[in-house]
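2 protein chains.
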Amino acid sequence: MSIKVAILGFGTVGSSVARILCDLKPQGVELTHIFNRSVARKRAEWVPSTVTWTESFDEVLASDANVIVELVGGLDPAGEWVRRALEAGKSAVTGNKKLIAQHGVELDRIARAHGASLFYGAAVAGGIPVIPGLQHGLAGDQVTRLEGILNGTCNYILSRMEEGAQFADVLKDAQSLGYAEANPSEDVDGYDARAKLVILSRIALRADLAVEDIPVRTITSIAAIDFEYAGELSCTIRQISRAETRGGALLATVGPMLVPKNSPLAWSRGTENMVLVGGKYGGDVVFSGHGAGGHPTAVAVVSDLITLAHGSGNIDLPSRKAEVSGEFLLRHYIRFVVKDRPGIVGEIAGALAGEQINIHALFQRPGFGKDSLPFVVTVEPCTNSALKRALAKISSAEWLAEPPLDLQILEPEEPLK
Amino acid sequence: MSIKVAILGFGTVGSSVARILCDLKPQGVELTHIFNRSVARKRAEWVPSTVTWTESFDEVLASDANVIVELVGGLDPAGEWVRRALEAGKSAVTGNKKLIAQHGVELDRIARAHGASLFYGAAVAGGIPVIPGLQHGLAGDQVTRLEGILNGTCNYILSRMEEGAQFADVLKDAQSLGYAEANPSEDVDGYDARAKLVILSRIALRADLAVEDIPVRTITSIAAIDFEYAGELSCTIRQISRAETRGGALLATVGPMLVPKNSPLAWSRGTENMVLVGGKYGGDVVFSGHGAGGHPTAVAVVSDLITLAHGSGNIDLPSRKAEVSGEFLLRHYIRFVVKDRPGIVGEIAGALAGEQINIHALFQRPGFGKDSLPFVVTVEPCTNSALKRALAKISSAEWLAEPPLDLQILEPEEPLK
Chain A
1 MSIKVAILGF GTVGSSVARI LCDLKPQGVE LTHIFNRSVA RKRAEWVPST
51 VTWTESFDEV LASDANVIVE LVGGLDPAGE WVRRALEAGK SAVTGNKKLI
101 AQHGVELDRI ARAHGASLFY GAAVAGGIPV IPGLQHGLAG DQVTRLEGIL
151 NGTCNYILSR MEEGAQFADV LKDAQSLGYA EANPSEDVDG YDARAKLVIL
201 SRIALRADLA VEDIPVRTIT SIAAIDFEYA GELSCTIRQI SRAETRGGAL
251 LATVGPMLVP KNSPLAWSRG TENMVLVGGK YGGDVVFSGH GAGGHPTAVA
301 VVSDLITLAH GSGNIDLPSR KAEVSGEFLL RHYIRFVVKD RPGIVGEIAG
351 ALAGEQINIH ALFQRPGFGK DSLPFVVTVE PCTNSALKRA LAKISSAEWL
401 AEPPLDLQIL EPEEPLK
Chain B
1 MSIKVAILGF GTVGSSVARI LCDLKPQGVE LTHIFNRSVA RKRAEWVPST
51 VTWTESFDEV LASDANVIVE LVGGLDPAGE WVRRALEAGK SAVTGNKKLI
101 AQHGVELDRI ARAHGASLFY GAAVAGGIPV IPGLQHGLAG DQVTRLEGIL
151 NGTCNYILSR MEEGAQFADV LKDAQSLGYA EANPSEDVDG YDARAKLVIL
201 SRIALRADLA VEDIPVRTIT SIAAIDFEYA GELSCTIRQI SRAETRGGAL
251 LATVGPMLVP KNSPLAWSRG TENMVLVGGK YGGDVVFSGH GAGGHPTAVA
301 VVSDLITLAH GSGNIDLPSR KAEVSGEFLL RHYIRFVVKD RPGIVGEIAG
351 ALAGEQINIH ALFQRPGFGK DSLPFVVTVE PCTNSALKRA LAKISSAEWL
401 AEPPLDLQIL EPEEPLK
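Residue numbers (the UniProt record's numbering), protein chains in the order written: chain A, 1 to 417; chain B, 1 to 417.
Incorrect hints may have been included.
Heads up, the list lumps identical chains together, so a pair's fine if it works in one copy or across two of them.
[Said to hold, decoys possible] Result set (DSSO-like, lysine-lysine): computed pairs, CA atoms no more than 30 Å apart in a straight line:
{"hint": "1", "residue 1": "Lys42", "residue 2": "Lys280"}
{"hint": "2", "residue 1": "Lys4", "residue 2": "Lys25"}
{"hint": "3", "residue 1": "Lys321", "residue 2": "Lys98"}
{"hint": "4", "residue 1": "Lys4", "residue 2": "Lys280"}
Read the hints as simulated data drawn from the structure, not as lab findings.
Extracted from the complex, chain A is given alone in its bound form:
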């Protein structure tokens, strides 16, 4: 008995799913419906004539298709369609990270209640089997730490900047290559990665986080000079999504961080994605590959369909609501740009000392003018909020040419035993 599949949304990923199904003909998976608005202009010659093209979701719902593949994206109406399909006992496969991050727990419950399954391997790091790897291969560990490069656009921008390019130029390239939207905020400000971190935290750390509770920081404040100073610390800069259980607390954050060059996270280039999972028993496991794009994302969708066709249901690992804090205790990098005059370092040191923060090192490259002089202070492990309080004390100093930039430094850790 085959599963009968209806694809909702025949864009880049949807047509790639159809293409792979037509090419590989996986046993037990039959494509029966393709739904799209103005479907007439979507019709493709290479799709078998047995497939029904439709503009009506109700037609799909009433049909004998027993699995929907939701690739429409966004919360509305995609969420409503997934919900109605599950309530009708149809299983659903989706790549919709926003929907799963916000409503995954509820949709999982609806699926269970109606004997249906909900798969979303394509929602995080498209072509990299992180979600099935966690659910099937690491369920036997107690994962305590997640570190990921979950947004290919940011990784493209930052890895190009590492090679000397300027933010604005690279963003323009990313937009013309189709990696970034006209309004890039979703990517560069961390919202896209944050939704993915919520999904991974649920599966790996068994913690249900509220999306808006996780602090995000933009990568737009990173300048070329930061890569130079990071290099002096044997580091580079990447957008890192990080979650960790420590004691009973759950720490999570998304934003640019200094990453040691000998960490796998520093090796990612271009639009590559990478996920590092730290387990109590198995130590660190790293997954990497193409996180986005039509074909890699379609591979994740088709893999979920094959798993469904083999009669495998969801691996429902129990998760529970967790409060999030962004208070990692980490070393920090602080880049100042100042109008130089004597006494500045003393004022900075005083502000930091007031919060019990110790300076670790101070770097100043030659070759800059007195009016706009960048230099860097690194400090010993402290929380970001303590650092913010310290920096607030000097925020109105007349020698600041621009507000200071503070970044967490991701330190290599011994795997927890």
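Please build the complex by placing chain B on the supplied structure of chain A, with the hints as guidance.
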């Protein structure tokens, strides 16, 4: 309803499986039996008193345990026990690479015929979820290429040699650390990695290979000087297990190879394992982590048990028998050690030209005596057999101080589109 689990073999991995089951108490998994020879001396305080300890496999078979975890290793009697359990309708989880490499296809068939499941996530790269990742997350791709660092002992030896240590010293360290056996042949000569490559080829390339058909080469012929010359080519040396479909043919080989330093395979250190999977649609995916050791391997076993407890059966992806050839068309590195005299390079060039093999470059480091002078020739892509024929022609040359060493050079490839 819980699955009732009998562990066969209470050694490092077996006791670690029991430990994780007692610590994490995964829902639906109940440990009921532990089998070991002379079981009295194995009995552990921390195992719940409800568990039955036994020296009799027949007692396990007759019991209500419905899943056996085979961690005895070797073909006999482990294979017979797995077979009898499956025939009795019990599912089996095993970390036995030798058994699955040689008899996996048959055991899968027996499992299917008796409504049982056979899982072996622990058989390859222990703590890294490569097998579940392939079965659940990449089933929707057409994998055309596998490259792996599948033997932690070889990787420990070669990554230490890269830092300047001598083979014999590192082997001794590996033995005292418990990474290598007193007789290290299984590891250093490639047999261990070959069994794992057979298992991965079946799952990823859907090809059933006969273990003994895959050519293996030892790492024992690698000397410190080879790392120096490899470095001049921006490469290092790793034991690589490689399989690839090209046209209708299947190429596979295991042995030391030159690996470019910008390849993820060059980044692996110590006993780390790594698997790179190249797919037609999804491009390259890399998995890495701890491939062996009690805890990481136990994580794979417990994960398989949790998958079973969730009612997920095997993902039976169809595979078919395939003939193996080791005839990759690759650049080669050839290291000669000669008693120097004029004309040697001419003789080598002549022998290579006779097989239509073009020299690419020649390297000779200063500082060696005329009696035992090492130098390296690299050649443009050729098959290993053509190179062997060329080298055979000069094998009795009186200027050879030792037989030449030839290594394939793993070149970065564009993902197949």
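| message | Are any of the numbered hints broken by this structure? If so, which, sorted upward? | response | none
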